[in-house]
Amino acid sequence: MTRTNDEVRDYNLFIGPNHPGISGNYSVILKLRGDKIIEAKAEGGFLHRGFEKLMEERLYLQNVAIVCRICVPDPDPNEENYSRAIEEIAGIEVPIRAKYIRSMILELSRIASHLLAFGSHAGSIGLYTLPNWTISDRDRILELFEELTGGRVYHIFIIPGGVRRDLPKGFKRRVLEVVNYLESRLPEYDDLFINSKLTVKRAKGIGILSKENAIKWGATGPNLRASGVKADIRKDDPYEAYPYLDFDIPTQVEGDAYARLLVRRAEIEESIKIIRQIIENIPEGPVWNKTPNPLKWRIPKGDAYVRTESSKGEFAYYFVSDGGVRPYRVHVRGASVTHGVHILENLLVNERIEDASQIIFSLDACPPEIDR
Amino acid sequence: MDYERENEFIKDIKSVFKEVVCTVKRERRIEIELPSERLFEFATRMQKNWDYPHLSAISCVDWIKENQFELVYHFWSYNKKILVSAKIRIPREDEPHFESISSLWQPAKFFERDIHEMFGVVFDGNDDLEKFILTEWKGSPPMRKDFITRKYSIEFYGERKYNPEWMKELKKLGDSNDKN
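As you go down the protein sequences, you meet chains A and B in turn. Each residue of the first sequence is one higher than the last, beginning at 1 in this note's numbering. Each residue of the second sequence is one higher than the last, beginning at 1001 in this note's numbering.
Keep in mind the hints are simulated off the structure, nothing from the lab. There's no promise every hint is true.
[To be verified] Derived lysine to aspartate or glutamate pairs resembling DMTMM-like cross-links, with alpha carbons at most 20 angstroms apart:
#1 LYS1145/B x GLU254/A
#2 LYS1065/B x GLU88/A
#3 LYS1145/B x ASP10/A
#4 LYS1171/B x GLU57/A
#5 LYS1151/B x ASP236/A
#6 LYS1172/B x GLU88/A
#7 LYS1151/B x GLU57/A
#8 LYS1081/B x ASP236/A
#9 LYS1087/B x GLU88/A
#10 LYS1025/B x GLU57/A
Produce the complete structure using the sequences and hints provided.
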């Protein structure tokens, strides 16, 4: 058998779906010349569960248990988006205390998700201590969730009209303890990972997303802010208790994998700041405005487009009701639909094979959001 | 609330597109109903003149009773901070064709690919409409309202036998839900 020069020089390499260097059930087909990537193609569909179709056949309340499964590391923006869309169409007022509790859950979930992103990024460049640290630290947040909601990963806690139940006794104190602990851990992460010579050398200048490209290719969230755009839905299109809270939007200008890391690091600090304010200022009062019997609940005809700043970026739901007991159409715009496909395919080109999984993790794409 | 900023922007839109229906849904949300043939012109103007660099999503809704597909384009401006949802309707056929806006917004390429896969709308001008999620699926586009999952699963996997007493109870519950 003879092979042409091109066939010998160029070859395909599959990363994923069973590969430690891919973020979840996902796959990228790389076309390589030597160790340089000349083309990348994203492949999805390994975690498709047809939730959008399934939701059309279920009652409004039943769907709350489905939506959180759309994003595994950061499930709460889904519940929040879904509930807020219904509230907007049906004109349900949410009690102010519930808004604060929701914001607190969203921020805790953001920290948990950023910790996972840290761990996987560190793992992709060979620092295997950090994933163990971040996952055990994340567990402290999950324990809080377990106490509050009964579930560790999926909480099914934010429901139309408010939240399922009030904070347990002493919960505020325990949140503060965890938050203080996480803050004390940040300098240790810095020493081991962020300021480590290895990380700086490997992550700087890798996968550069310029400001123009970030906007043109539709980046959102931390990936957009690492490229120097100061945009955050919590500030620009405020929801829940965010208008009453004081926080900054961390940005970087380089747009490389290291800048994305620094933005996430700074966001953890901001989230801690937000949680402290919530604990201090949370008003007393009811946490749920009663909604009608869920078996017969009809919400008026209409549609709503709601957006949340999740840990991955812009999470949005387009919700259409035709006046029935079930949603007519729910379209989920996951934050990773741009990061995981278009941006990834473009960023990987001209990079080297050993940096591929680092770039994938630095974008923090979550495949279940793309597949739904 | 008087929605000053939103109404000002609607004035701008109305000065070019006189016949469109614009409504302010709430603060920072504008809804626009367009004739389908003017969508591309509208999208071009949104990007070039009205400072809308971010296409948030494209949603497709199957209005089977009216025999139409509705495409909803959600645009967001980082400076104006107003989200515009432009709605157009196209006839509901087996393979309806519509103009692609992927030349204006690159993320539209994947959004259109997704709609093509789930609803069967063909976007002319989009060169990548390959299947992404359902690579082995050969049937009709599954998100259409006339694709009924329960019917499909009974046809392909057979009906499950349940305790008749339970079925009676379930049917009673179902009857009270199914009046829409």
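Against the structure, the hints:
A distance of roughly 46 angstroms separates the Cα atoms of LYS1145/B and GLU254/A; the hinted pair therefore is violated under the 20 angstroms criterion. Pair hint LYS1065/B plus GLU88/A does not hold up; C-alpha atoms about 25 angstroms apart against a cutoff of 20 angstroms. With a C-alpha separation of about 45 angstroms, the suggested pair LYS1145/B and ASP10/A falls outside the 20 angstroms cut-off, and the hint is violated. At roughly 15 angstroms between alpha-carbon atoms, LYS1171/B and GLU57/A fall within 20 angstroms of each other, so this suggested pair holds.
For the suggested pair LYS1151/B and ASP236/A, the alpha carbons sit about 45 angstroms apart, so the restraint of at most 20 angstroms is broken. Of the supplied pair hints, the one linking LYS1172/B and GLU88/A is violated, its CA atoms being roughly 32 angstroms apart against a limit of 20 angstroms. About 13 angstroms separates the Cα atoms of LYS1151/B and GLU57/A, which keeps this hinted pair within 20 angstroms; it holds. Pair hint LYS1081/B plus ASP236/A holds up; C-alpha atoms about 6 angstroms apart against a cutoff of 20 angstroms.
A threshold of 20 angstroms between alpha carbons decides the hint, and for LYS1087/B with GLU88/A the separation of about 19 angstroms falls inside it, so the pair holds. The suggested pairing of LYS1025/B with GLU57/A is violated, with an alpha-carbon distance near 27 angstroms, which exceeds 20 angstroms.
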